[in-house]
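Engineer: For reference, each letter of the sequence shown is one residue, going 515 to 650 in the numbering used here.
Don't read these hints as lab results, they were simulated from the structure.
Treat the hints with care, since some could be wrong.
[To be verified] FRET-style restraints, in silico, Cβ to Cβ: (1) Gly540 to Arg620: 31 to 37 Å; (2) Val629 to Tyr541: 15 to 21 Å; (3) Arg527 to Gln605: 33 to 39 Å.
Ideal Cβ positions, reconstructed from N, Cα and C, are used throughout, including at glycine.
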Amino acid sequence: MSVSSIGMENTGRRVFSGGVWEERYGYARAVIAGDRVIVSGCTATVEGEVRHLGDAYEQALTAIDIALAAVATGGLTREDVVMVRYYVVEQRHFDPVGRAIHDVFREVRPACTGVRVAGLVDPRMLVEIEIEALRA
515 MSVSSIGMEN
525 TGRRVFSGGV
535 WEERYGYARA
545 VIAGDRVIVS
555 GCTATVEGEV
565 RHLGDAYEQA
575 LTAIDIALAA
585 VATGGLTRED
595 VVMVRYYVVE
605 QRHFDPVGRA
615 IHDVFREVRP
625 ACTGVRVAGL
635 VDPRMLVEIE
645 IEALRA
């Protein structure tokens with residue numbers, strides 16, 4: 515299944531993807547606040563299954579695709595992204611995740627913070643990515 519087929523629903527100021535974690539933990543995929551779209555942490559979970567097991571680079575690309583779909587639902591584009599935050603569970607994943615961010619945003623050059631964490635909600639998840647976009 516391609517990530518582009520994930521359906522995003524814009525309910526005014528909130529965007530929902532229908533993901534299991536959104537419903538279970540009571541949050542929106544993204545919030546539209548004026549000229550900003552703030553995207554919750556995204557992982558490589560598609561249709562309830564973690565994709566690209568063991569591959570931090572591909573998990574990061576999938577998470578970014580999901581986040582950018584939410585940005586688009588909020589009416590903005592990749593070029594409007596101003597901040598990327600990512601969380602990895604192992605030190606060795608900083609480089610592959612950083613490479614994925616570079617490959618997607620090399621011309622945009624948003625601010626970026628990377629943090630190592632003890633773990634994510636599913637141990638098969640290697641990275642979680644948050645994005646903020648701002649209408650210029």
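Engineer: Determine for every hint whether it applies to the structure shown.
Structural biologist: Verification of the supplied hints:
1. For the hinted restraint 31 to 37 Å between glycine 540 and arginine 620, the CB-CB distance of approximately 35 Å keeps it satisfied.
2. For the pair valine 629 and tyrosine 541, the supplied restraint of 15 to 21 Å holds, since their beta-carbon distance comes to about 19 Å.
3. Distance hint check: the CB atoms of arginine 527 and glutamine 605 are about 38 Å apart, consistent with the given range 33 to 39 Å.
When the structure is compared with the earlier hints, no violation turns up for any of them.
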